[in-house]
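Trainee: Using the hints provided, position chains Y and E relative to the given structure of chain X.
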Amino acid sequence: MKFRAKINDVGCLNHFTRVVNTITKLTKTCVVRLTVDNIFFVLSGKVANGGVSMWCELLQVNFFDEYQLEGVSEDANEICLEVNPENLSRALKTAQNAKSVKIKLTKKHYPCLTLAAELPSLSSISRVVTHDIPVDVIPRRLWHDFKEPSMPDFDVSIYLPPLKTMKSVVDRMKNLSNYLVVEANLSGEMNLKIETDLVSVTTHFKDLGNPPWGASQSQSQSRDVEAMAHARVDIRKLQQFLMGQQVNPTKSMCNIVDKRIIHLILLQEDVSLQYFIPAVA
Amino acid sequence: MDCVATGGNVKVLAKAIHSLSRIGEELYLEPTEDGLTLRAVNSSRSAFACFLMTPLFFQRYQAPPDQALRCKMPIKSVQTVFRSLSSLERSVEKCRIEMNTEQSRLRITLHCKHGLLKTHNLSFQDCESLQAVFDKDSCTNMLRAQPRLWVDTVLHFPPSLEEVSVSVSSDRVWLRNHVEDDADSSKAMMTELCLSSEEFDHFAIGSQTSITFCLKELRGLLVFAETAGLPISMYFDEPGSPVVLSVSDSVLEANFVLATLSEDAHQRNHNNNKADGPRAGLPPDDFMCDDIDSYLIAMETSDLAGPSYEPQPQSSSTNHKSRLLSEEEDEEEESVERPPNKKFCSLFFGSVLPASSQLTNQTVQSQEVLASDSEDERQSD
Amino acid sequence: MPLSTQPQSGNDEYVLVASLDNVRNLSNILKAISFKDHAIFNATQNGLKVTVEESKCLQANAFIQAEIFQEFTLKEDVVGFQVNLTVLLDCLTIFGGSTVPGVSTALRMCYNGYGYPLTLFLEEGGVVTVCKINTQEPEEPLDFDFCSTNVTNKVILQSDSLKEAFSELDMTSEILQLTMSPSHPYFRLSTFGNSGNAHYDYPKDSDMMELFQCTKTQTNRYKMSLLKPSTKALALSCKVSVRTDTRGFLSLQYLVRNDDGQICFVEYYCSPDEEVDEE
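Just so you know, the sequences run in chain order X, Y and E.
First residue of the first sequence? That's 1 in the numbering used here, and the numbers climb one at a time after it.
First residue of the second sequence? That's 1 in the numbering used here, and the numbers climb one at a time after it.
First residue of the third sequence? That's 1 in the numbering used here, and the numbers climb one at a time after it.
Same shape as in the complex, but just chain X (with noise of 0.2 Å):
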């Protein structure tokens, strides 16, 4: 089992730090996926984090200039590591304005994720900064709690409004309330609702549009546009997906499960992020 990888590009870097720091502001520990291609952040819906999910992909080939992989095996050539995302962001905050950053999967008194950063310097001689972020190795019999979930069958899936305003719409209202009805229609239509013995608040937003999705999602073809699927959700959930995007993504929608769960999908150019919010009665 090996990994080593390389990023001399500051533009990259600062894009994997943005990537890094969006989890960091989501879970205080998740599953790291190597693989060829691919660097997965994973979070199974335990019920330890309330039921909540997530699944963030990204092309490696789009990050890094050098990416050497060996996985368990050559029958499954990928690793899985539990991390705690902080470390790799706090680590990446300190490579700010690196010449280059090594990542590599070291072996210490424990396992570790080395990552060493050179950095400019009064001098010739570069400064070197080494941080290992220790992880647990995930072995091969549990990684079936980190496969990319399924696209649930939704009932009504929406393009969210720009995230800026949904997040000041959702901040004002977790002042208010603990928890917050999401509803939305075929025709463009969402709603944030709160209600409490104090007040109650709605906001709506329009002419949102539909993803097309194909042929395949049946039950939301035969549906009536103008039919409210909703799901109340815990509003810190909402709000900590809120907080943690750091980049306007080129599309962002959300799939609702009527009564059941919330799937948000924000999608850029090469990483995507998967969110899903359990319903709660």
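Don't take every hint at face value.
Stated by the list, open to error - The calculated SDA-like cross-link candidates involving lysine to any residue, where the alpha carbons are at most 20 Å apart (straight line), are:
id, chain 1, residue 1, chain 2, residue 2
1, Y, Lys-76, E, Lys-132
2, X, Lys-164, E, Ser-98
3, Y, Lys-187, X, Ile-138
4, X, Lys-167, E, Gly-126
5, X, Lys-28, X, Asp-136
6, E, Lys-132, X, Thr-196
7, X, Lys-174, E, Val-78
8, X, Lys-167, E, Ser-98
9, X, Lys-28, Y, Val-12
10, X, Lys-167, E, Phe-121
11, E, Lys-204, Y, His-114
12, E, Lys-204, Y, Leu-117
13, E, Lys-239, Y, His-114
14, X, Lys-167, X, Lys-251
15, E, Lys-132, X, His-204
16, E, Lys-204, E, Leu-252
17, X, Lys-99, Y, Thr-109
18, X, Lys-206, E, Ala-106
19, X, Lys-93, X, Thr-24
20, Y, Lys-76, E, Lys-204
21, X, Lys-108, Y, Glu-180
22, X, Lys-174, X, Thr-202
23, E, Lys-163, Y, Thr-109
24, X, Lys-193, E, Val-130
25, E, Lys-132, X, Ser-200
26, Y, Lys-113, E, Asp-205
27, X, Lys-174, X, Lys-93
28, X, Lys-174, E, Ser-98
29, X, Lys-93, Y, Leu-175
30, X, Lys-206, E, Val-130
31, X, Lys-174, E, Lys-132
32, E, Lys-163, Y, Leu-116
33, X, Lys-167, E, Val-128
34, X, Lys-193, E, Gly-126
35, E, Lys-132, X, Thr-202
36, Y, Lys-113, E, Asp-201
37, E, Lys-163, Y, Glu-93
38, E, Lys-239, Y, Gly-115
39, X, Lys-167, E, Leu-89
In case anyone wonders, no lab produced these hints; they're calculated from the structure.
Mentor: Relative to chain X, chains Y and E alone:
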């Protein structure tokens, strides 16, 4: 005492107070003919800081006619006076400090723009002189660098990190976070930064060594050095003897004296060895048994005037201690202040233990870590 | 109730309709008095007065004149209700209260009368938020009986000079002592804290002092905890008028300029803590 600071020096004074507030909770003031000294010591007495503002620092400086003027006061109350640095910079034109012994009052008057006059009357207590015994000039190792280098260096370590290890060779410096090897931190992220000697203004290494000390106080001094734009010199010997961080220019001088971890404790950490026998044998809470002063900082709170105390050899530490701490001080430490930091106590116990010479191994070991690459890494599951 | 206003189409059911192109012109001034949840709203033909009180010793009023609103329609002479101010402010700033020029949130605020919620329609960039905030019957605000004929001392200061002083106040002092005098120290703020005392003296000829009318030396103490909320108003204001009357009651009037350059007022009344012998 009556002195007046003007212009940018008011901000320098304010920064000095802020720096000292990172060390201890009380400010010790002593005006002498050499200038105004401001001192602080931390509750476990493992860190001591002293600023001397010479008479030339002030527009007017009048030392008390008799030399016996020493006082201390809560540093928070002095900080209140200089709270907002931006407003100091924007509006304060002149700062006058007067000491009134009859009323036990220190009066600080800030003359601000638009005629606004801020007068603070702070009460103080008389006290004995507080002085650490150290001799930085006899240290075998000395590094000096611009504050920017130190700031950039410290930035790599998380704010929560308490101690940092500094290792030196003839042409390199390594900084590493020091993690106590209890269960919680055994899986902490380890960070190491390597700097070339060329980045330092002055680099004189007499012996390759590695010391561990608290980062908090270094950060405190950085607050000051950065504003004043003054280089920081670091003087040190072997593990267990204090490190001195020093800043000076023609009108002021600052020395921060910090305890370092003994070699044993140091080694324990690096071997990641869970057995901490030496520490278990000693009562970790008992500050009085913690014989730190002799080889770290000797606090003179005796009636002797002036800072002329002789450094004591390590062997006489027990006797030394009783002379160094006045009764009054001891009581206060035990009854009023928080119990001393346990980690620090153990840190000091560690440093009493006889030194073994595993030092060179360690440096080699760390170099190895730095040089390792993926080729020699084995499968980890 | 006499119906003196013409019923406007579409607003039949409402006794109060007020709309603003820029919600910040309301939300900012309400922030200046938001130190307690309960706020008493009182609307008359002149505009809106919002009152917040604390322990019968402090009262803050914000005045938003009818002219500030693009529409201000009342069907009764006086309309009063009480709402939770914290909730109202969260609603008013639902879109984040952007300060970007050209981006503002429009507001339409409607009230149906006793027992009905206060309804807000907020719109920014085509997105609409509807809020219904429950109302209660208004309590009778305290009457501080602060009358300008009884004013002994009055100064008008530029707010900046007081902002600095208030941000530095020694909070270990239970009281803030205010001395106003025709002779030295003219205008003095004093604190008496754990570590000593502090005095801030403003000379009467300071260029921060726009008006100085002190007739008699007066020293009064006010609870620090009561005066602390007024720093919110101070922060938003450009000028402040400080007045004391013969009983030692304090009136602080803040002149607040909104995004459109219009002027609104916030007023704090505070009763003195105890009698102090005059120097």
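Trainee: Confirm or reject each hint.
Mentor: For each hint, the structure was consulted:
1. Y:Lys-76 / E:Lys-132: violated, 47 Å
2. X:Lys-164 / E:Ser-98: The hint holds at about 11 Å.
3. Y:Lys-187 / X:Ile-138: Holds, at roughly 16 Å.
4. X:Lys-167 / E:Gly-126: The given pair, whose Cα atoms are some 16 Å apart, holds under the 20 Å limit.
5. X:Lys-28 / X:Asp-136: holds, 14 Å
6. E:Lys-132 / X:Thr-196: holds, 10 Å
7. X:Lys-174 / E:Val-78: Cα-Cα ~34 Å, so violated.
8. X:Lys-167 / E:Ser-98: Status holds; Cα separation ~13 Å.
9. X:Lys-28 / Y:Val-12: violated, 41 Å
10. X:Lys-167 / E:Phe-121: holds, 19 Å
11. E:Lys-204 / Y:His-114: holds, 10 Å
12. E:Lys-204 / Y:Leu-117: Given pair Lys-204 (chain E), Leu-117 (chain Y) holds - Cα atoms ~12 Å apart, limit 20 Å.
13. E:Lys-239 / Y:His-114: Answer holds: Lys-239 (chain E) to His-114 (chain Y) is near 16 Å, not above 20 Å.
14. X:Lys-167 / X:Lys-251: Answer holds: Lys-167 (chain X) to Lys-251 (chain X) is near 16 Å, not above 20 Å.
15. E:Lys-132 / X:His-204: holds, 14 Å
16. E:Lys-204 / E:Leu-252: holds, 18 Å
17. X:Lys-99 / Y:Thr-109: Violated, at roughly 51 Å.
18. X:Lys-206 / E:Ala-106: holds, 17 Å
19. X:Lys-93 / X:Thr-24: Holds - the C-alpha atoms of Thr-24 (chain X) and Lys-93 (chain X) are around 12 Å apart, at most 20 Å.
20. Y:Lys-76 / E:Lys-204: violated, 32 Å
21. X:Lys-108 / Y:Glu-180: holds, 17 Å
22. X:Lys-174 / X:Thr-202: OK: Lys-174 (chain X) and Thr-202 (chain X) at ~13 Å, within 20 Å.
23. E:Lys-163 / Y:Thr-109: Holds. Lys-163 (chain E) to Thr-109 (chain Y) sits at ~19 Å (cutoff 20 Å).
24. X:Lys-193 / E:Val-130: holds, 10 Å
25. E:Lys-132 / X:Ser-200: Measuring from Cα to Cα gives roughly 5 Å; hence the hint holds.
26. Y:Lys-113 / E:Asp-205: Given that 20 Å is the threshold and the Cα spacing comes to 12 Å, the pair holds.
27. X:Lys-174 / X:Lys-93: The hint is violated at about 30 Å.
28. X:Lys-174 / E:Ser-98: holds, 18 Å
29. X:Lys-93 / Y:Leu-175: holds, 17 Å
30. X:Lys-206 / E:Val-130: holds, 14 Å
31. X:Lys-174 / E:Lys-132: Cα-Cα ~16 Å, so holds.
32. E:Lys-163 / Y:Leu-116: holds, 13 Å
33. X:Lys-167 / E:Val-128: Given pair Lys-167 (chain X), Val-128 (chain E) holds - Cα atoms ~15 Å apart, limit 20 Å.
34. X:Lys-193 / E:Gly-126: holds, 17 Å
35. E:Lys-132 / X:Thr-202: holds, 9 Å
36. Y:Lys-113 / E:Asp-201: Status holds; Cα separation ~12 Å.
37. E:Lys-163 / Y:Glu-93: It holds: about 18 Å lies between the C-alpha atoms, which stays within 20 Å.
38. E:Lys-239 / Y:Gly-115: holds, 18 Å
39. X:Lys-167 / E:Leu-89: holds, 17 Å
Going through the hint list in order, the structure does not satisfy hints 1, 7, 9, 17, 20 and 27.
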